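**Student:** Residue numbers (my numbering), protein chains in the order written: chain A, 1 to 96; chain B, 97 to 192; chain C, 193 to 288; chain D, 289 to 384; chain E, 385 to 480; chain F, 481 to 576.
If you are wondering where the hints come from, they were derived from the structure by calculation, not from laboratory data.
Since this is a predicted model, take the numbers as computed values, not measurements.
You may find that some hints are simply not true.
Sample of chain D residues with no beta-carbon within 10 Å of chain B, all distances over it, derived [to be verified]: (1) Asp293; (2) Gly310; (3) Pro313; (4) Ile324; (5) Thr328; (6) Leu342; (7) Ala343.
Computed cross-link-like contacts, EDC-like style, restricted to lysine to aspartate or glutamate with a CA-CA straight-line distance of at most 16 Å [unchecked claim]: (8) B:Lys122 <-> B:Asp101; (9) D:Lys301 <-> A:Asp96; (10) F:Lys537 <-> F:Asp501; (11) A:Lys13 <-> D:Glu297; (12) F:Lys493 <-> B:Glu105.
To be clear about the criterion: a stretch of chain E counts as covered by chain F if any three or more of its residues have a C-beta under 8 Å from a C-beta of chain F, and this derived list gives those stretches [unchecked claim]: (13) 409–423; (14) 464–476.
Glycine is no exception: its CB is placed at the ideal position from the N, C-alpha and C atoms.
Number of protein chains: 6
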Amino acid sequence: MLDSDEFFETFGKLDDLTYSDGVIPKKYKELTGLSISILTRCEECILYHIQGCLAEKATRQEIIEAIKIGVMGGGSITYPSARLAFKTLKDLKVID
Amino acid sequence: MLDSDEFFETFGKLDDLTYSDGVIPKKYKELTGLSISILTRCEECILYHIQGCLAEKATRQEIIEAIKIGVMGGGSITYPSARLAFKTLKDLKVID
Amino acid sequence: MLDSDEFFETFGKLDDLTYSDGVIPKKYKELTGLSISILTRCEECILYHIQGCLAEKATRQEIIEAIKIGVMGGGSITYPSARLAFKTLKDLKVID
Amino acid sequence: MLDSDEFFETFGKLDDLTYSDGVIPKKYKELTGLSISILTRCEECILYHIQGCLAEKATRQEIIEAIKIGVMGGGSITYPSARLAFKTLKDLKVID
Amino acid sequence: MLDSDEFFETFGKLDDLTYSDGVIPKKYKELTGLSISILTRCEECILYHIQGCLAEKATRQEIIEAIKIGVMGGGSITYPSARLAFKTLKDLKVID
Amino acid sequence: MLDSDEFFETFGKLDDLTYSDGVIPKKYKELTGLSISILTRCEECILYHIQGCLAEKATRQEIIEAIKIGVMGGGSITYPSARLAFKTLKDLKVID
C-alpha cells in the first residue's frame, strides 16, 4: 500500500535519498539515524537503523557511541529504547 | 549556577564526553547533534551545534545534509527550525 | 477505574464533546484525530480513530489522506505508525 | 535556500500536495493543520495554518473547534500555544 | 476568550483541580509541574510553575531538585529550558 | 552491557541520585517520575516508577493523583498510558 501510492513513493524516495551516500558518508548517516531513533524512542526505527549501520560496516563501538548520543540528548526516558538496541545487538551477535 | 552544582557539572561533562572525538569523529557527532536539534526543534541547540560543526571544519554541504536528516525524520513541523538554521548559516556567511 | 473517578469522567466527557458533531462535522474531527494519532505515534489512538472514521462513513480515500497529513507533519519516524494504520485497514477489509 | 534545493523543493511540494484539495476539502485539512500546530506547539505553524484556514473561509467557530482538538489531544502544556492562536485571531479581528 | 468558553472553562478548572491540595500537597504538585515544564521545554509553563512553587513556599533547593528531575528525564535538549529556569530564579532573587 | 560501560554507569548513577532522598523526599520524586512517565507515554518507565512509588509507601490515592497530573499535562494521547498504569495497579492488587 505504502509503496504503490504516489505520496508514499515520493516520501520514501526522499527518505532513501537523505540517507544515501553524500558529502556525509552513508555510514555516519545511519549512525545518526540510530541516535535519532533512540532519542525519539521509535522501536522499529532502531531495528532498521541498526541493520543500516551493520550493512555499512559500522563497528560495535561506533554503534554504541551513536546510542549514547541518543540517550544523552533525550534523557532517561530513552533508557528502554537503549536497552532494546543493546538487546538487538546481542541477538545479532554484535556484542556479547 | 549550572556549572557550580555537582549534578549539572557531571551532566555537562557527560554531554561533552559524548560529543568528543571517539570512534566517531567529533565532526560527525556535531552534525548528528544538528540533525537532532532540528528534529527536536531546539533553537538554542541549533545555534550551538552549528558552531560546533563549523569549529570541526564541517563544510556547508555537510551541514545542509545534516539539516535534511532532521527535517526528513521530524516532518514539516521542523520547517521553522530548518529556516532558523539556514538564517544562522547566512548570518555567519556560510551560505549566501 | 477511569470511568468512576470524577477527574477521568470530566476529562473523558470533554474529549467526547471535542470530537462530537459541531460546526466541524464529526467525520472530519475523527479524520483529524487519526492524523494526530499518526503524528504522535499513539498506537491505541490509531485503532480508536480508524473505528471512529469508519463509524462516520469516512471513505477509504479520506482515511488515507488523513494518514498522509500525519506522516507529512511528523516525518519518517511516523512510518511505523502509518504501517500499523494500513495493516489495520487491511484487517478490517477497508483496503486490499 | 530552502526553495532552490532539490530536497526542500520536493519536500515542500509534497507538503503542499498533502494540504491541497482532495477527497478531504482543503478547508478541513487547514483546520487539521491548526489542530496539529497547537498540539505540537509550533508557533510559526499556528500562524501559517490560521492564515490557511481564513483563506479557505473557515469560520471563527470552526477555527476555535480546531484549537480545542489540539488542546484536548496535547493537554495543558499546549495552553501557551492556544493563547497565541487566540491572540492572533484577535489581532486579525476574527474574534473580539 | 479562553475563560468565557465552556470548553476552556472546564479544561482550566480540571487543571486547577489537578494542581490543588490533595493527598499530594500542592507544593509537591507545583514542583512536579516544574519538572514537567522543563522536560517538555514549555517556557511559559516554567514561569508559571516557578511562581506556583514560590507561592507554596518551596525552597530554593527544592526548586533546583525539581529542575534536575526534568533535565534527567528529558536529556540535554532540556538545557536551554533549565537555563531559563535558573535565569528566572535569579531575576526573582531566589538564587544569586 | 549498559552497566559495565562508563557512560551508562555515570548516567545511571546520576539518575539514581536525582531520584534519591533530598530536600524533596524520595516518595514525591517517584510520584513525579510516574507523572512524567504518563506524560511521555513511556511504558517501561510507568512500571518502574509505580514500583518506586510503592516501595516508598505512596498510597493508592497519591499514585492516582500523580497519574492525573500526567494526563492533565499531556492530554488525551496519554490515555492508553493511564490505562496501562491502572491495569498495573490492579494486577498488583493496589486497586480493585
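**Student:** Please go over all the hints and tell whether each is borne out by the structure.
**Tutor:** Consistency of the hints with the structure:
no.	hint	verdict
1	Asp293	7 Å, violated
2	Gly310	17 Å, holds
3	Pro313	20 Å, holds
4	Ile324	7 Å, violated
5	Thr328	5 Å, violated
6	Leu342	20 Å, holds
7	Ala343	18 Å, holds
8	B:Lys122 <-> B:Asp101	27 Å, violated
9	D:Lys301 <-> A:Asp96	47 Å, violated
10	F:Lys537 <-> F:Asp501	14 Å, holds
11	A:Lys13 <-> D:Glu297	14 Å, holds
12	F:Lys493 <-> B:Glu105	14 Å, holds
13	409–423	holds (count 8)
14	464–476	violated (count 0)
Consistency note: the structure conflicts with the earlier hints numbered 1, 4, 5, 8, 9, 14.
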